[in-house]
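Residue-level listing of the chains:
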Amino acid sequence: MEIIAFVAVSALILLSSLSMVLAKDMVRAALSLALAFIGVAALFILLEAEFLAAIQVLIYAGAVVVLMLFAVMLTKRRRVRQ
Amino acid sequence: MVVPAEVGAIANLLANPWIRGAAGAVGFASVISGSLLILIWLERKFIARLQHRYGPNRVGKYGILQLVVDGIKLFTKEDIVPRDADKLIFTLAPIVGFAVALLPFLVIPIGENLIVSDLNIGILYLLAVSSLAVVPTLMAGWSPNNKYNLLGGMRAAAMMISYEVPMGLAIIGVVMLTGSLSMVDIVRAQEGMWFIIPQFIGFVVFVVAAFVEAARLPFDLPEAESELVQGWTTEYSGMKFAMLLFAEYIHSILASLLIAILFLGGWYGPVLPGPVWLLLKTFLVLLVLMWMRATVPRVRIDQLLNIGWKILIPLALLNIAITGIYKLV
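Taken in sequence, the protein lines are chains F and P.
Quick note: the first sequence, position 21, residue 20 per numbering that gives the first Met the number 0, numbers continuous.
Quick note: the second sequence, position 62, residue 61 per numbering that gives the first Met the number 0, numbers continuous.
Next comes chain F alone, as it looks inside the complex:
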């Protein structure tokens, strides 16, 4: 049971990290990063470190929101087809 959960969570973290690195769009990258952080929180829960998991979500999710704000404000907007 624990092995299955570990494999699933690790796969989630790896895939979302990969999609973060490969994303063309900054906002998509920030969202993938959020998913990766949530996966890490799930790993902490598997290790029975619930407090750390909650702190992980609280701090890093907040950071991702700020990242998204900066991505929206400071990067070029997508081209709008005319």
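One should not assume that every hint holds.
Take a look, some chain F residues computed to stay more than 10 Å from chain P by CB distance [as the list claims (entries may be wrong)]:
{"hint": "1", "residue": "Ile-2"}
{"hint": "2", "residue": "Ser-9"}
{"hint": "3", "residue": "Ile-12"}
{"hint": "4", "residue": "Leu-17"}
{"hint": "5", "residue": "Val-56"}
{"hint": "6", "residue": "Val-64"}
{"hint": "7", "residue": "Val-71"}
Straight-line alpha carbon distances no greater than 30 Å define the calculated DSS-like cross-link-like pairs of lysine-lysine that follow [said to hold, decoys possible]:
{"hint": "8", "chain 1": "P", "residue 1": "Lys-309", "chain 2": "P", "residue 2": "Lys-326"}
{"hint": "9", "chain 1": "P", "residue 1": "Lys-44", "chain 2": "P", "residue 2": "Lys-86"}
{"hint": "10", "chain 1": "P", "residue 1": "Lys-146", "chain 2": "F", "residue 2": "Lys-23"}
{"hint": "11", "chain 1": "P", "residue 1": "Lys-86", "chain 2": "F", "residue 2": "Lys-23"}
{"hint": "12", "chain 1": "P", "residue 1": "Lys-72", "chain 2": "P", "residue 2": "Lys-86"}
{"hint": "13", "chain 1": "P", "residue 1": "Lys-86", "chain 2": "P", "residue 2": "Lys-76"}
In case anyone wonders, no lab produced these hints; they're calculated from the structure.
A virtual CB, placed ideally from N, CA and C, is assigned to each residue, including glycine.
Guided by the hints, dock chain P onto chain F, whose structure is given.
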């Protein structure tokens, strides 16, 4: 009537965390969706009375079926995705929003033993999960490639980031008095006296912050109709809009529940059983929320952020200092 043996069997079944979780999810999801329909009808009627109108009164007795009709309309509408939208994120935003809105109910104690999971980091989990609620808002604001959506989303993000701070600081006072992060312990600590009395400053700060997080009328800057068309939900229609709307309502319900649990004594009260008391208190807070919507005009975004950073945070810190001194003496 259920015989005691069956009650014991059900209790045994509920001790299994998987079954307990599934039962809690089904229970909360169905109760919330059911009560949403009634609450939206009630809000429309209540505000109509405050504004000297009748409100919905055509479909069914007192217009109580109005929401069913509206629901059918939303379900059967064409699902429009704007051409230049980021289609994946545009579709995911309502789903994520709805899911994230339901997550905090994992640690909400409805009664003495009526809680899905009594985490010993309960209130921290709640803060963590509710800090995630900005993400779907920003997704919905950014993905349709529409300036009104984007403006609404940015406002929502600014509001939520600034008001998470006083909310967390106000909760610290409660946690200091309780000495535990578990929601059940927090309610138990209020058996003698509700926290609204020793934590009055914290209560005021928390109520304002929670109402801002619920993004209802005096603070509904993310969707200010008179400025931003429909704010961060402008491009959404049909089922997706319904899900975003429901998520918003769930945030309001959660804010009222939290006020009732943290400051108004949760399930404690004379005569009536615990869950009834909690729902009654929640309902009263919701009624105040609706009443405010009909009474107070919308604040400006700069005023809102000023209130948050320059008044609420110092007040919350003062509350923590007073609580600390009280605990020491």
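Each hint tested on the structure:
1. Ile-2: Non-interface label stands for F/Ile-2: nearest chain P Cβ at 18 Å, farther than 10 Å.
2. Ser-9: holds (21 Å)
3. Ile-12: Its Cβ never comes within 10 Å of chain P, the nearest being 17 Å, so this holds.
4. Leu-17: holds (16 Å)
5. Val-56: violated (4 Å)
6. Val-64: violated (5 Å)
7. Val-71: violated (6 Å)
8. P/Lys-309 to P/Lys-326: holds (26 Å)
9. P/Lys-44 to P/Lys-86: Violated, at about 37 Å.
10. P/Lys-146 to F/Lys-23: holds (21 Å)
11. P/Lys-86 to F/Lys-23: holds (15 Å)
12. P/Lys-72 to P/Lys-86: Cα-Cα ~23 Å, so holds.
13. P/Lys-86 to P/Lys-76: holds (18 Å)
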